[in-house]
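Undergrad: Construct the complete structure from the given sequences, taking the supplied hints into account.
If you read the sequence shown in the working numbering, its first letter stands for residue 2, the second for the next number, and so on.
No lab work stands behind these hints, which were simulated from the structure alone.
Among these hints, one or two may not hold up.
To be verified - Pair ranges (Cβ atoms, derived):
| # | residue 1 | residue 2 | range |
| --- | --- | --- | --- |
| 1 | Cys54 | Arg87 | 36 to 44 Å |
| 2 | Arg53 | Cys86 | 30 to 38 Å |
| 3 | Arg49 | Gln10 | 14 to 22 Å |
| 4 | Thr12 | Asp81 | 35 to 43 Å |
| 5 | Ala59 | Glu82 | 27 to 35 Å |
Don't be surprised by glycine CBs; every beta carbon is placed ideally from N, CA and C.
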Amino acid sequence: MIGLVTAYQFTLSPLLGPRCRYWPSCSRYTVEAIRVHGPFKGGWLAVRRIVRCHPGSAGGIDPVPGGPSEQLCREDDELDENFHCRRHDGHHQR
Numbered sequence: 002m003i004g005l006v007t008a009y010q011f012t013l014s015p016l017l018g019p020r021c022r023y024w025p026s027c028s029r030y031t032v033e034a035i036r037v038h039g040p041f042k043g044g045w046l047a048v049r050r051i052v053r054c055h056p057g058s059a060g061g062i063d064p065v066p067g068g069p070s071e072q073l074c075r076e077d078d079e080l081d082e083n084f085h086c087r088r089h090d091g092h093h094q095r
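TA: Written as structure tokens, this is what we have:
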């Protein structure tokens with residue numbers, strides 16, 4: 002499964018340009034989810050993410066639960082517990 006996503010990343014993705022509305026990108030999310038949770042749960046998380054990623058989606062920061070991307074978000078002082086940017090006056094942005 003990871004090989005298919007990697008092939009996409011190096012062949013089709015450069016031709017399409019940046020289209021994902023989330024961080025990490027859907028393809029990176031898929032690889033991370035499969036590595037962290039295995040092919041079944043990771044694959045399910047990836048499908049759910051890809052379905053949410055469309056032109057009408059607001060997008061945003063959406064790390065893999067329990068993965069390195071989530072850890073990076075938790076360590077970032079500029080993000081709140083829901084991975085939204087904090088405002089400088091102490092209030093959360095919506």
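Undergrad: Going back to the hint list, which numbers does this structure go against?
TA: 1, 2, 5
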